[in-house]
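J.: The primary structure of each chain is shown beneath.
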Amino acid sequence: MKKIWRCSYMENFKQQLDDELGAKRFDAAMQARVTTYIEQAPTPPRKDLRYIFTMIGAIALVALFLLVSLNPSYTQPQISAAINDPIKSFYANIAEDNGEFKVVTSDFDLNTSHIRNAKKIAELQMLLTDVTAVKNIPKSAYHDVNLIVAYDNGDRRALQFYSDDTMHYWVYDIATKTTYKGAYEDEYKSIYDIVTINSSAFFIFLLCMWAIGWLLPHVTKRIYKRLGVEKRSSKYVSERHCIVSIGSFIFAFIGYAAAFFIAPHSYLYILALIYIPFIVDFYYEYRYGRAYRQYIESAFKIVLISVVLIGFIYGKTYF
Amino acid sequence: MGVELQKVMTDYGEYCLRVAYLYTQDWLAAEEVVQDVFLAYAMKPDNFRGDSALKTYLVKITVHKSHDYLRKQKKWWHLKLPMTVVSAATTVEKKSEQTMLLDALNQLPLKYREVLILYYYEELNTTEISEMLGFSVNTVKTRLNRARKALKPLLNEEDLEVLLHGEF
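For the record, the sequence lines run as chains A and B. For the first sequence, counting from 1, position 4 maps to 4 in my numbering; every step adds exactly one. For the second sequence, counting from 1, position 165 maps to 1165 in my numbering; every step adds exactly one.
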């Protein structure tokens, strides 16, 4: 049953309010003023191009970032450094079954780790020092790791590491086409352990990811509370927002899967597809639902993805 | 200018003006809002798909335009001059009228005032209000409850009594 307020001198709220608002004000003169206002109003452009250009700019920026940092192949230059010269840092990835050399010298390739960890550099230095030249690699050896070693003198050398079950390893120098053989001593770490991220560091990274995922709703809730923003009943601004958001997620997912097969060494560029649904969401929230300020959450997510990606790259380099 | 638009203005102009006034508490501002309402309607008449009554559609635009107006006022408040001069006509008009409920309503914060306006004046139900304002139905109900509690001390016992109790 409805709860109704009654005023003593009026039958209901509406009636009393109408009476208190007084006589009719929207007269012919006001109607004429409104008509003049409408007639003199400039015709707006068919579409608000500001937002479209902003979005095109954002996408172009991401594309430019990808192009600038794209470095899919490596050509071995002439070098003067010996294989066991002091190492400054090295780029590494786990070899694939097809034996292709897919290490790149970009810090922005998730499949290639640019390792600057002093302990790991010392361990690799030991492996490269205790080697002797041999004729060839036995067929029983399996391709372990690909490396580009950056020496202190500025030279870079592309190497392929092979191992077998007898605790021996072989290093193939792509520049000189020379093969070296070494044996893992007790204190040596295998090349695989050297190039992969420290397990405890990876655990901490995952923990941070989980914490971010857990904290995100709480932080946004706090922000909205402080800003005095009420949560919207619907998740999307409009039906079109819903369709486009879901479509962009599907596009990103299919694009991710397709790109994984086409260019599996370029994880970072593929992961950049993650941005698309969030940029789309931000666009709709900012363009059509700005009053609800949900775009803050979208922007927050974009920033968090960037932080996670940068954190991952940083973790691979130093841990 | 279409004849249809003139008819719409004649039919609903006064109503929209009153709604805008209840939001802005200023007749000049209300007229400004109503101008924008009919401009929006005139520019994109196809946006009205006939899912609801035209009156409800126009009220929805009025609510949004009033919000826009109040937001602008809030943004540029520092540029406004204090209102020191009140016209004699306004004073006389105010004194001559019994505006108990209106004065009480105007003392409420906008978030409470608007749910009262939409629920009691526009006679929309809580679901329609929630769709119009973009809040959940529960939020609307909570605000209605709080608005009525806030309104109660502002009105005399003689002027106001709750008739019936129940759900919205």
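If you are wondering where the hints come from, they were derived from the structure by calculation, not from laboratory data. All of these numbers come straight from a predicted model, not from anything done at the bench. Backbone N, C-alpha and C fix where the C-beta goes; we use that ideal spot for every residue, glycine too. Be a bit skeptical, because a hint or two may be false.
Unchecked claim - Under 10 Å between C-beta atoms, here's a sample of chain B residues computed to sit facing chain A: (1) 1016; (2) 1042; (3) 1046; (4) 1048; (5) 1067; (6) 1108; (7) 1116; (8) 1137.
What the hints assert, rightly or not - When the alpha-carbon atoms are kept at most 27 Å apart in a straight line, the in silico DSS-like pairs for lysine-lysine are as follows: (9) 1044/B to 1060/B; (10) 1044/B to 14/A; (11) 1055/B to 1141/B; (12) 1044/B to 1072/B; (13) 14/A to 1141/B; (14) 221/A to 1055/B; (15) 189/A to 177/A; (16) 1149/B to 231/A; (17) 24/A to 1149/B.
J.: Of all the hints given earlier, name the ones this structure violates by number, lowest first.
T.: 3, 4, 6, 10, 14, 17
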